[in-house]
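Protein chains: 4
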Amino acid sequence: MSSLNKKFPRLLPEPIKKNMRVCDLIDGAFKAYNGARLAEACRLFSGKMIAGEGLVGMSLTGALTPAGLGRSAIVPLMKAGFIDWIISTGANLYHDLHYGLGMKLYAGSPTLDDVELRREGVIRIYDVLFDYDVLLDTDAFVRQAIQGPEFQRTMATDEFHYLLGKYVLERERKLGIKETSMLAAAHQLGVPVFTSSPGDSSIGMNVAAMALRDSLLAFDVNRDVNQTAAIVYDAKSRGLTSSVFILGGGSPKNFILQTEPQIQEVMGIEERGHDYFLQCTDARPDTGGLSGATPGEAVSWGKIDPDNLPDCVVCYTDSTISLPLITAYVLSKAAPRKPRRLYDSRDAVMEKLRQQYLKKGTVEKVAHRTDVSKPKRGRSGRSVTGTKR
Amino acid sequence: MSSLNKKFPRLLPEPIKKNMRVCDLIDGAFKAYNGARLAEACRLFSGKMIAGEGLVGMSLTGALTPAGLGRSAIVPLMKAGFIDWIISTGANLYHDLHYGLGMKLYAGSPTLDDVELRREGVIRIYDVLFDYDVLLDTDAFVRQAIQGPEFQRTMATDEFHYLLGKYVLERERKLGIKETSMLAAAHQLGVPVFTSSPGDSSIGMNVAAMALRDSLLAFDVNRDVNQTAAIVYDAKSRGLTSSVFILGGGSPKNFILQTEPQIQEVMGIEERGHDYFLQCTDARPDTGGLSGATPGEAVSWGKIDPDNLPDCVVCYTDSTISLPLITAYVLSKAAPRKPRRLYDSRDAVMEKLRQQYLKKGTVEKVAHRTDVSKPKRGRSGRSVTGTKR
Amino acid sequence: MSSLNKKFPRLLPEPIKKNMRVCDLIDGAFKAYNGARLAEACRLFSGKMIAGEGLVGMSLTGALTPAGLGRSAIVPLMKAGFIDWIISTGANLYHDLHYGLGMKLYAGSPTLDDVELRREGVIRIYDVLFDYDVLLDTDAFVRQAIQGPEFQRTMATDEFHYLLGKYVLERERKLGIKETSMLAAAHQLGVPVFTSSPGDSSIGMNVAAMALRDSLLAFDVNRDVNQTAAIVYDAKSRGLTSSVFILGGGSPKNFILQTEPQIQEVMGIEERGHDYFLQCTDARPDTGGLSGATPGEAVSWGKIDPDNLPDCVVCYTDSTISLPLITAYVLSKAAPRKPRRLYDSRDAVMEKLRQQYLKKGTVEKVAHRTDVSKPKRGRSGRSVTGTKR
Amino acid sequence: MSSLNKKFPRLLPEPIKKNMRVCDLIDGAFKAYNGARLAEACRLFSGKMIAGEGLVGMSLTGALTPAGLGRSAIVPLMKAGFIDWIISTGANLYHDLHYGLGMKLYAGSPTLDDVELRREGVIRIYDVLFDYDVLLDTDAFVRQAIQGPEFQRTMATDEFHYLLGKYVLERERKLGIKETSMLAAAHQLGVPVFTSSPGDSSIGMNVAAMALRDSLLAFDVNRDVNQTAAIVYDAKSRGLTSSVFILGGGSPKNFILQTEPQIQEVMGIEERGHDYFLQCTDARPDTGGLSGATPGEAVSWGKIDPDNLPDCVVCYTDSTISLPLITAYVLSKAAPRKPRRLYDSRDAVMEKLRQQYLKKGTVEKVAHRTDVSKPKRGRSGRSVTGTKR
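Protein chains in written order, with this note's numbering: chain A, 1 to 389; chain B, 390 to 778; chain C, 779 to 1167; chain D, 1168 to 1556.
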C-alpha cells in the first residue's frame, strides 16, 4: 500500500438509518466531493473558527433573507454567539425588513409568467413571491424611520444598521413576533452589520431619494473600510483568530477579505491574513471572478494566513442547502458563546488602528516584506521590518 | 394581495435548533431555491413515488460508489424496497466491487500532485484515493469470476450483474462483511441492474480482454433495451406508476427515460410517459445536453406524462449532499416496502411486451397520435387509433 | 408540419471555412444553446441597443481588466460610441490603473503554488500574475493623486473617476502609451463611470486610509444612486431606449437595474423599465442570487419593459470569450457613433430628475399602478394615475 | 520583479478591430481564464495534436448534431484530416441522420410550453425544434436500412456505423445535398465511429425492436472495447502521438480514455497514456464525476502521459461556442492532412493488439510497474518488467 494513503482516513461509511440527527448524518455519510467539503465546513466552524475567543465574520450574498434563512439560520447563529460581525448586500438587509415588519412572503415557483406577475403586482425572486405592496410598504418604513433626528448626519453603515435595527425591533415587539429579523437581532446583540455597497439596494435607494428632500443622512464609506479593518486588526493583535464565513461571493466577499490587505498593503502594518476561510458558493474558479476565487489565491494576496491553507474549505453548493445543515450541526456540536458585542467597541478599535497606521503608514510607496514563516510569539502588531525589493 | 400568491404557502420557517433530525430540518428550513427543490424531492419520493405499488427506477452517474454512497445510501434504499430497478454506469458497478471485496478506499484530497500519485501507484477520483492494486485485484476478480460456466454465453446486463453479484455476495460472506455492495444486495433482493454502456468500464474491459482468449461472454444490448422498456410497460399496463430517480445525468439518464419512447415511438404502443421525475444533478439546461434537460423537455418527447409535470423535481446539487439527505428523509417518513424482485419476472414481462409489439409495431413509419388528454380508465395498453399527420 | 415550427428559421448552417471573419462565423455557425445566445447578443447589440440614439449602460464584474479586456475590448467599444455609461466593481477600475500606468501583468497559470507565490511576492488572479510591487506602486499612485486640491471634498464616484482618469491619461501620455486604460478613455470621452461599492477595492482602501490623515475626499453614495437613475430617466423621457449590457452579475448588475425601481417604486414616477437586456455570465438562476436572475424575473420588478422580454438575451459563458467576440462583431457590423459625453450633462439630468421627484414623490407609501400596456405616445414622464390596491 | 513571472508572456492585448479573422482575434485577445484556455486549445490542436502523423480521437456528448455542428464543424474537421476516429453518444448519431436525410430542424426557443409542444407533436432539444414526424421517419429509415443482408449478424459499432453511413450517403446523393452528415462523411473518409452505449439512442432502440422480429443484427461490445484500444496501441507502438479531443464528457469521454488502461492495466502491456488531452465542457471537477475530471486525475490512472500534463487543456465553455471557434482556427492555421482511413485497417490493428495481449496478458492479477520516467527510444511495445508490489 502506498504510504501516501496512510495519511488519510479510510472511506467506509455506515448505512443511513431512519430518524438520524443532522450532525450524525453529516459525520457519518458525507465522505467525498462537496459532501465531504460540507462536513469539513461543519467541523471547521464548530471545532476551530469558534474555538476560544476566535472572531467570526460572515459575508452574505445571494437572496438569503428572502429564502427565510435570516430567521431560520442566521439569527440562531448570532444568538449562539457564533457570528461576530457581518458584511451583507443591501438586498439581504432590505428583504430582512419584510420579516421584521411582519410582511408575507410566499414559497412559490420559478416557472410563473413574469409579464402576468408584473400585471398582477407580484414580485418574484426565483421561486419566492410577494406583493408589490411589500416593497412599497417597506420603502415607506425606511423613509419614515430615517426622518428621525439620530439619522441626520453622515455615518458608517454599521451605525446606520444599528439605528435602523432599533426601529425593526420595536416593530417586532409591537407585532408580537420575535427573532424574525437579522437587523433587529444585530441591534440587540451588538453585532456590527456593514454593507459594502450602501447605495445598492432599496434601502440605499430610499436614503438617496430622501437626500433630494431635506434628509441629511449619508454614508461614510471610508469609515466602513477602516472600521472593518480595525475589527480584524484588533482581534489579531490580541492573539485571537479571525475567520471568515462567506455565503456566496460578490462584493461582500471581497470586502470581508480586503481587511487584511488594508492593514498590510495599504497601511503598511505587518499581518499574516485571516486564519480560517469557509465559503459556500455556486461560483466557479475558472472564470476568474473573485466570487469563485479559491483560498489559495487569497493566500497570494496576503488575505489568508498560508499556514492555515489546509484548513480552508470551499463547498460548492447552494446556501439554501448548506446553511441550514451547517447551522444545525454547529448548534448541536458547540456550546453557545457569549455575544462579543463588537459594536460597543467600534470607536476604540478604530482609534487603535488609526494610531498604528499613523505610525507605520505612508503616502509614498509602502515598503514590504512577505515573510511567511510563522512568527514565534504573538500574531501581529509587530513593527514592519521589510525592505523594498 | 394578489390572488396569485394565495396558491402558495407562506414562507416563514422556524429557527433551527440543536439536535434536529434530518427530516425535520428539511421540512422546516428548506424553503427556497435548491433547498426547496430538495425538500420537494424528499416529499415526492416518500409521498408519491413509493406510494402503493409504484415502481421506482434509479439511474446512477457520477462517481457515487467510490464516495461510499452505495453502502451508506443505495443499499439501505434497496433493502427498504424503495428502488426497484437500476441503470448504472459501469464505473459505479466496478467501484462497488471494491467495497464488496473488502478493499480499502481513502477519504483524501483533490489537491495532490497527480504525477507523484502515478509514480506511487495511487489512483485518484477527485478526493477519493486508493492503491493501483485495488484496480488490479478487482480486475483479476472479474476475470476469474467470468470463467465460470454460467457466464459462457451472450446475456443482457441485468443477468450478467445478477450472476456477478452472487460472487460478490459470497466474497462478502467469506470476509464477514455485509451490505457493502450494491451488486451483492441487488442479487439478494432481485433488483435488476442494467448498464447502458456495457463496454465502458473496467468490468467491460476485462470481459472484452477475456473474449480475446476463450471466453464466450458477450452482452446482449438489444435485450437490455427491450427489457427495460418491458419493466416500465408491465407496470404501466397494470395501472402502477413508474417513477425515475436520476442521480447525475449522462447515458443512464437517457436510457431510463428512453423506455417510454421505445414503447410509443418505436413500438407503436400507446403510452403517456413516466409518472414522476426526480433528478439531482450539477448539469445545467442551457448548454443543451440531455444531462441537464428539464422534465418539461422530456414531456415534449413523451418521456414524462404531461399531467404530472408540476410534480417533477430537479435539484441542482451534488449527489454526495442530496442523496444522503433524501435517504435519511425517506427512511424516516415511509414504511419499508416488500422488495418487488423484478428480476424474477424478467422473462414474463419481456414476453408480454414482445407480444404487444408484434401486434402494434411495424417496420414502416409508425402512425401516431399525441393525445395528451388523460385516458378515462386504465393507463395504457389501449389500441393505437392515431392517424398519420 | 406543426405550425409552431414555422415561426422559427430553419437550422442548417454552412460548413466553416478557413480565414472566416468573426462576424461571419457567429452569424453562420452559432445556432443553438449558448452559441445561439451569443449570436443573438451580437445582433441585439449591433441592431437594437445602439440603434438611433439608444443609451447603453455597461456593468462590469469579474476580473475583466486584469485579463486585458479593458484595452482589447472595452476601450474600443467606448471609442466607437457604443458604451455610454458604466457601473464597475472597484477592482476592475483598480486593475485598470496598472495598464494605464504601464505596469506589467503576465499570462500565467492557475496551478501555481500560492504559498510560494506569497513568499515570492507574486499576486495571482486565477491565471494572471503580477508583482506585489504592482499593487504597492498603484496604491501610492492613488494616494498621491488624491492629494490634489480638486479631490478635497465629498463627491459621487462618476466625478471621482473622471478626476482620477485625468491623472491616468497624463501618465499614459508621459509613458507614450495610449488607449490602455478604461478610466483614461472615459475621461477623454466623457463616459461616466460609477462604482456601486466605493469602499470595496484598493482604490477605496487607499481613499479610506488617507481619510485617517488629512484627506477630505469622501464618496457621495446618494448622488451615485440618484445620478444613475437620472441618466436613465433623462433618456427615457426623451423617447430614447435604455439598454443594459451586463458582464457578470453582482452588485453592479443590481445597481444598473435598480435605476428603474428608483424611478418608479421609490420616486413614484411612472416608467416601464429598461428596453434591452444583455447579460454574459456564469451564474445560474436556480440558486436564487441576483447575478443569475433572468430578465423575466427583472420584468416582475419593473426593471425591464415587459414588451421587450423576447429581445432580452442571457449568454452563459465566460466574459473572456463572449466579450471579445461581441466586440469584434459589433465593430464590424455597426458604424461608430459620436460619443454622447453624458458626463458633461450630469448636473442637468440630475436636476431634471430631482424636479420630477419633488413633484411626484412622497415620504408616505407610494401609490402605484402596474399598467403594462404600451403607452400610446411618448414613453414616460406622464403623471401617476395609479390607485392603491 | 519576481523571477517566477519571467517564465510567462506579458499580458498586453492589442485593441480589437473591425472585420478581424477568428484566428487573429483568438491569438490577440483571448488572454486569461477560459478565453486563454480556448486559445491554448486552438494552438494545441493546430500545433501539436495534428503535427506529423499524430492520431486524433474525438468524443462527442451533448446535443451537438441537433445544433448543426455536425455539418458546420465536425464534417469540415474530418474532411481536413484532423479527426481520425470518433466515439459518440448514440443520440448525436441519430440526430445526425435527420441532416443526412434532408429533414428540417428549427432554431427555436427554450421557453415554449412543453405540454403544448407535446400536443402539437413538436420535439424540443433546449431551443432546437422539429416535428415528431422527424423521429418517426428517421426510425423507419433505420429499421428499413438494417433489413439489408449485410446487417444480419453481430458486429462492432464502427462496422455498423460504416454500413449505415453508406445508406445515408446514398440518400444525401439522391436528395442532392452534401456534407450534411457525420455518418455519411465518416463512411466516405474511412473514419471509424464508435458508440460506447449502443442501445442508448433511437438507433439502438430500433435495432432492439427489430430483434424482436427476425433481425439478426446485434452489437459486439467486446470488439468495440478492444478495437478502440487497438487503434491507440497501433499508433503508440509506431511512435505516433495519440490525442483526445473531448466535447462534453460522459460515457464517450470515459470510453476514449479507457483505451490506455485497457492496454496497461487489463492487458498488461506497457504504455504511458495519451499524449494530448483537450476538453471543452460545462462539467465541474468538484462534484467528482468523470465528465469534469481533470487531465491531472487522468494521469493518476495512466490515461494520460504525465510528461505532457502541462500541454493538457480544459476549456469550460459550451461546445456550441468553442467548437466553431476551434474549427475556424485550426482550418486557418493548419494545412489539411490526408485522411488516415483507419477503418480500412481495423482487422490488422486488432490482430496486432491481440497478439501482444496473448503474449503479455494473464487471467491472474497483472504485474505492474508505474515507471513514469520517459523511455529512451520508441514509445511503447516494450516488455513489461514490472514487479508486483
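Calculated directly from the structure, the hints in this document are not laboratory data. Hints should not be assumed to be uniformly reliable.
To be verified - Quick list of in silico lysine-lysine cross-link-like pairs, DSBU-like style, CA-CA up to 30 angstroms:
1) Lys-395/B <-> Lys-722/B
2) Lys-407/B <-> Lys-166/A
3) Lys-17/A <-> Lys-563/B
4) Lys-1185/D <-> Lys-956/C
5) Lys-741/B <-> Lys-18/A
6) Lys-178/A <-> Lys-166/A
7) Lys-1271/D <-> Lys-749/B
8) Lys-1215/D <-> Lys-1519/D
9) Lys-1500/D <-> Lys-1111/C
10) Lys-1271/D <-> Lys-952/C
11) Lys-17/A <-> Lys-468/B
12) Lys-722/B <-> Lys-18/A
13) Lys-826/C <-> Lys-1143/C
14) Lys-826/C <-> Lys-1130/C
15) Lys-952/C <-> Lys-365/A
16) Lys-857/C <-> Lys-956/C
17) Lys-18/A <-> Lys-468/B
18) Lys-722/B <-> Lys-406/B
19) Lys-174/A <-> Lys-741/B
20) Lys-1505/D <-> Lys-1215/D
21) Lys-1519/D <-> Lys-796/C
22) Lys-741/B <-> Lys-722/B
23) Lys-468/B <-> Lys-727/B
24) Lys-1527/D <-> Lys-796/C
25) Lys-1527/D <-> Lys-493/B
26) Lys-857/C <-> Lys-1116/C
27) Lys-166/A <-> Lys-406/B
28) Lys-956/C <-> Lys-1184/D
29) Lys-956/C <-> Lys-174/A
30) Lys-18/A <-> Lys-567/B
31) Lys-79/A <-> Lys-406/B
32) Lys-563/B <-> Lys-48/A
33) Lys-395/B <-> Lys-18/A
Are the Cα atoms of Lys-1271/D and Lys-749/B separated by 30 angstroms or less?
Answer holds: Lys-1271/D to Lys-749/B is near 28 angstroms, not above 30 angstroms.
Would the pair Lys-79/A and Lys-406/B pass a check requiring their Cα atoms to be no farther apart than 30 angstroms?
Status holds; Cα separation ~12 angstroms.
Restraint status (C-alpha distance of Lys-741/B to Lys-18/A at most 30 angstroms)
38 angstroms, violated
For the pair we were handed, Lys-857/C and Lys-1116/C, check the Cα-Cα distance against 30 angstroms.
Cα-Cα ~9 angstroms, so holds.
Keeping to a limit of 30 angstroms between CA atoms, is the pair of Lys-956/C and Lys-174/A held or broken?
62 angstroms, violated
Quickly compare the C-alpha distance for Lys-18/A and Lys-567/B to 30 angstroms and report which way the hint goes.
19 angstroms, holds
Given the hint that Lys-174/A pairs with Lys-741/B, does the C-alpha gap stay at or below 30 angstroms?
69 angstroms, violated
For Lys-857/C and Lys-956/C, compute the direct alpha-carbon distance and say whether it is at most 30 angstroms.
12 angstroms, holds
Are Lys-722/B and Lys-406/B close enough, with their CA atoms no more than 30 angstroms apart?
The given pair, whose Cα atoms are some 20 angstroms apart, holds under the 30 angstroms limit.
30 angstroms limit on alpha-carbon distance, applied to hinted pair Lys-18/A and Lys-468/B:
13 angstroms, holds
Please verify whether Lys-826/C and Lys-1130/C have alpha carbons no more than 30 angstroms apart.
Within the cut-off at roughly 27 angstroms; holds.
Is Lys-741/B within 30 angstroms of Lys-722/B, Cα to Cα?
The hint is violated at about 35 angstroms.
Violation of the numbered hints given earlier is confined to hints 5, 10, 13, 19, 21, 22, 24, 29, 32 and 33; the remaining hints are satisfied by the structure.
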